[in-house]
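**Q** All chains should be modelled from the sequences, with the hints used to inform the complete structure.
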Amino acid sequence: MSSRKKTLLKVIILGDSGVGKTSLMQQFVNNKFSHQYKATIGADFLTKEIIIDNNKPVTLQIWDTAGQERFQSLGVAFYRGADCCVLCFDVTNEKSLNNLTSWKDEFLVQSNVSNPQDFPFIIIGNKIDVDDSKKIPSLQKKLHNITHNQLGGLNYPVFETSAKDSINVEAAFEVIAKMALQQEELNAASGGDVNDDYNDAINIHLDGESSGCGC
Amino acid sequence: MDSDTLGKSLYKNEELPLNDNIRGLKAKAIREATQRNTNSDEILELLSELSRSTDGLINNELRSKVWPVLLGIEDKTKSNTSEGSLLDTNGGLFTNASPFLDELNCIDLPPHKDEDQVKLDIQRSFTILNHIQSLQHPPYFPSENSYTTIVSPSDVQNLKKYLSNLIIKLLRKYPCLNYYQGYHDIASVILLVCYIPGNDTEDKEKTENDNEYDINEELAFKILEKITLFHLRDYMVHDIALSIDHLRLIPTLLENLDIELFELIKQTSNCYVQSDGLYYDYKFYQGISSILTMFSHDLSNLTQILTVWDFSLSYNSVLINMYLYTSALLIFKNRIFEKCNVEEQDREDLDYEDIDSDLVHNAISPTNLFDSLSDVDLIKILNKTRNIVQDFPMDKLTNCADTFANWFSEYNKSSVLLNTSNLYIPKREKFTKYRNLIINTIGDDPIELTKLVDLQDSEISRQTSDDLAFQHKILLQQEELNNSIMTDTSAGQSDMFASDTNTLHTSLSIHRITSSMLFKKLFSREDANEDDKKVIRRRKDSWVSRNIYKISITIGFIGILVHFLLKNNPQYQNLLSKLFNGGRNAIPIGKLSPLVILNYEPINTITSELSTIGDEIFGDIGNAFNEMFCFIKESEMVNSGISIGQVGLGNLKNTIYGFTT
Ligand SMILES: Nc1nc2c(ncn2[C@@H]2O[C@H](COP(=O)(O)OP(=O)(O)O)[C@@H](O)[C@H]2O)c(=O)[nH]1
Ligand SMILES: [Mg+2]
Numbered sequence: 129m130s131s132r133k134k135t136l137l138k139v140i141i142l143g144d145s146g147v148g149k150t151s152l153m154q155q156f157v158n159n160k161f162s163h164q165y166k167a168t169i170g171a172d173f174l175t176k177e178i179i180i181d182n183n184k185p186v187t188l189q190i191w192d193t194a195g196q197e198r199f200q201s202l203g204v205a206f207y208r209g210a211d212c213c214v215l216c217f218d219v220t221n222e223k224s225l226n227n228l229t230s231w232k233d234e235f236l237v238q239s240n241v242s243n244p245q246d247f248p249f250i251i252i253g254n255k256i257d258v259d260d261s262k263k264i265p266s267l268q269k270k271l272h273n274i275t276h277n278q279l280g281g282l283n284y285p286v287f288e289t290s291a292k293d294s295i296n297v298e299a300a301f302e303v304i305a306k307m308a309l310q311q312e313e314l315n316a317a318s319g320g321d322v323n324d325d326y327n328d329a330i331n332i333h334l335d336g337e338s339s340g341c342g343c
Numbered sequence: 026m027d028s029d030t031l032g033k034s035l036y037k038n039e040e041l042p043l044n045d046n047i048r049g050l051k052a053k054a055i056r057e058a059t060q061r062n063t064n065s066d067e068i069l070e071l072l073s074e075l076s077r078s079t080d081g082l083i084n085n086e087l088r089s090k091v092w093p094v095l096l097g098i099e100d101k102t103k104s105n106t107s108e109g110s111l112l113d114t115n116g117g118l119f120t121n122a123s124p125f126l127d128e129l130n131c132i133d134l135p136p137h138k139d140e141d142q143v144k145l146d147i148q149r150s151f152t153i154l155n156h157i158q159s160l161q162h163p164p165y166f167p168s169e170n171s172y173t174t175i176v177s178p179s180d181v182q183n184l185k186k187y188l189s190n191l192i193i194k195l196l197r198k199y200p201c202l203n204y205y206q207g208y209h210d211i212a213s214v215i216l217l218v219c220y221i222p223g224n225d226t227e228d229k230e231k232t233e234n235d236n237e238y239d240i241n242e243e244l245a246f247k248i249l250e251k252i253t254l255f256h257l258r259d260y261m262v263h264d265i266a267l268s269i270d271h272l273r274l275i276p277t278l279l280e281n282l283d284i285e286l287f288e289l290i291k292q293t294s295n296c297y298v299q300s301d302g303l304y305y306d307y308k309f310y311q312g313i314s315s316i317l318t319m320f321s322h323d324l325s326n327l328t329q330i331l332t333v334w335d336f337s338l339s340y341n342s343v344l345i346n347m348y349l350y351t352s353a354l355l356i357f358k359n360r361i362f363e364k365c366n367v368e369e370q371d372r373e374d375l376d377y378e379d380i381d382s383d384l385v386h387n388a389i390s391p392t393n394l395f396d397s398l399s400d401v402d403l404i405k406i407l408n409k410t411r412n413i414v415q416d417f418p419m420d421k422l423t424n425c426a427d428t429f430a431n432w433f434s435e436y437n438k439s440s441v442l443l444n445t446s447n448l449y450i451p452k453r454e455k456f457t458k459y460r461n462l463i464i465n466t467i468g469d470d471p472i473e474l475t476k477l478v479d480l481q482d483s484e485i486s487r488q489t490s491d492d493l494a495f496q497h498k499i500l501l502q503q504e505e506l507n508n509s510i511m512t513d514t515s516a517g518q519s520d521m522f523a524s525d526t527n528t529l530h531t532s533l534s535i536h537r538i539t540s541s542m543l544f545k546k547l548f549s550r551e552d553a554n555e556d557d558k559k560v561i562r563r564r565k566d567s568w569v570s571r572n573i574y575k576i577s578i579t580i581g582f583i584g585i586l587v588h589f590l591l592k593n594n595p596q597y598q599n600l601l602s603k604l605f606n607g608g609r610n611a612i613p614i615g616k617l618s619p620l621v622i623l624n625y626e627p628i629n630t631i632t633s634e635l636s637t638i639g640d641e642i643f644g645d646i647g648n649a650f651n652e653m654f655c656f657i658k659e660s661e662m663v664n665s666g667i668s669i670g671q672v673g674l675g676n677l678k679n680t681i682y683g684f685t686t
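Protein sequence lines, in the order shown, are assigned to chains B and R. Residues 129 to 343 (our numbering) make up the first sequence, in order. Residues 26 to 686 (our numbering) make up the second sequence, in order.
Hint data in this document are derived by calculation from the structure and do not stem from the laboratory. Check each hint, because a few of them may be wrong.
Just the calculated beta-carbon pair ranges, DEER-fashion [as the list claims (entries may be wrong)]: (1) B/SER294 x R/GLN182: 25 to 35 Å; (2) R/GLN182 x B/SER261: 17 to 27 Å; (3) R/ASP479 x B/GLU302: 46 to 56 Å.
All C-beta atoms, glycine included, are put in the ideal place defined by N, C-alpha and C.
**A** Put into structure tokens, the structure is as follows:
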């Protein structure tokens, strides 16, 4: 139903200060990396058009946010209408990994998404280019614990990236785009345009699996 | 030539940068003024006027002399000899011989809680210096401004060390202040102005010794200290809501100055949309980086930043920055509407629902306004600012009672805007009246400041809790309004609703029920003509969302508690038990128990039950909040990252998820 309109997907990037959110966004949108990005204050977005599923053009609107805790309450103003949320950590900084859960909670608390239980999140561990000796010890195990914890586990797809060396950034955003598109379609079905297929819409909604990404 | 007339005749309302010749004359006039008695009001006013006229203070040597005067910085070495000039020609302000340098590393003081964040931001500082080389075009960079040629990568590394010292030292000296991202931009501008160009750059690069690097650190610290305590203090209390109060003044001004821009911003704002047009909170988040950094984060040209600072400091009030941002919005009005895809002829009778609020966000953000700002545009903005600050003082604004007077005179009486950074009281009065905020010896207890910041924290928390109660009232209004719409337009909906709900699995969360297609199904069975139908549907859609909204706000207070629980800190649990069990204003837990039925009851029952509960709870909520705040203060949680104020509308609205997960 939305194929005639240009599809705009809103993506929010969250995570502790310094994990590389701005760098990831810049790498993806402008294909460049600089050690000179300013610290982010408030929130702003960049857009990029990409083609997913071979022929579907979508516009990704990527929101970069401030990482410092005192700016968190501002999210209220920016998260509305998000289609996907990217939770970032720094593979050399264990605290940033442990904070993923609270970033997720904070997002759900502030964003007013319609399906908090199956809203699409994705996890990015950035800076894999750095020397192994500096990385979080037994990262995979810790990551596994966090993503498979039954209580409030973050059972989401994980990408390990380097914004610096442009490793896995494209791939991550492609998945982000796909997940966001599903969410957007779900929203379009239950929100905006009402057509006659009530029952279909109800099914989609109640099944609730439709936004799972099979990961 | 008399410098008074020079200031007036040459610089007023010029829309072009000055040529070299006039710049030279102006520099001379400024220099002469600094050599006269800077303690006199006449000279202070003259220097202020020179600072805010075209091209400001021309170069950094003059800035490093005039800024301290504009800020009312006392030269302790000369405080007893008030006769004569503060800024002596020989030796200048503050000699390097003071014991000050020894304190510089301030390792003896306990670290400040925000030092980790400072480190992260220092790494990302001085990005501005990359631009400098490319900006060296005459006549804007005449040869006298040799500062801008200093930057090599090793210089930048050195500057970062100074920057770190400067910020850490200030934070350790005044531990009650909270560092914010952007404060490092403030400090780096000051540091650059206090850079003293050496004669022999070759030599300096070889020298590893920091002390021989020519930065007047003592002066930099004094300037930073004064700006921080007198002007940026509101941004460094615990709760960011006070910074947001400053930003609210931007739409406040617009409402008086340009109704089209104001309506565009208002009607596409989150708050206005969510409350279905019943309430606009004036919260102008977009300007935050500009206001917190005095534009240094958002202008990419150092000379422009310095010119803006000359201008801003000459008013001795951060209020001027709100006027400045407003002016920028006014100057770029056409561009803003273009970016939002609004044709000029459509502006008057706009259907704001058709406008993409994200586009508006972008259009009114600093990136759009200030990135690659031309010098000519900057001059226009500053001239406009001069005019509106004169013609539209806060107390003359038509909306003053509901805005400035309410947020500041009523709630935040200790805000910088009403004392140390008050635009409307004489500079000299401020300088002397509040001088005790600054302590002389590092390591002493900054009692005055700590008390003031504490007071400010309690003021803003009172505002936050009252805001909450107010929002609840708005929601009740929405409820009433929409109930009447509902009875008008869809008789019998509750029957249909009930039968449909029965088919739902009872374990479905409340949120799913409300957002399900059931409502759509009900509402679209309308035999109205097409136009009406659209309107009705929209109303009904919003009825749905409003009810979600209503429920969640109503239980918002409980939401806060859940929010704290989520944070998983034992202290919060203390807090909860205190709230429910102890204290005069404790909330009777019995009233909350009906909430457990949330998952099983049809939505309309829930709504009414919740609003009943809500009414009772909210009767006490202000008191409960105050008590909670006191408790938080007592337990010194304020510094451990919890903030009542941070639990804003959105948090409340959505903490309902606490019940669904
Ligand atoms: N080695 C390495 N450093 C990175 C990478 N991404 C970002 N950084 C650095 O990490 C710091 C913080 O990056 P930034 O994007 O500003 O983080 P943000 O606060 O999350 O936006 C900067 O110094 C970056 O240069 C990466 O992939 N590898
Ligand atoms: Mg960033």
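**Q** Hint by hint, work out which the structure violates, then give me just those numbers in ascending order.
**A** none
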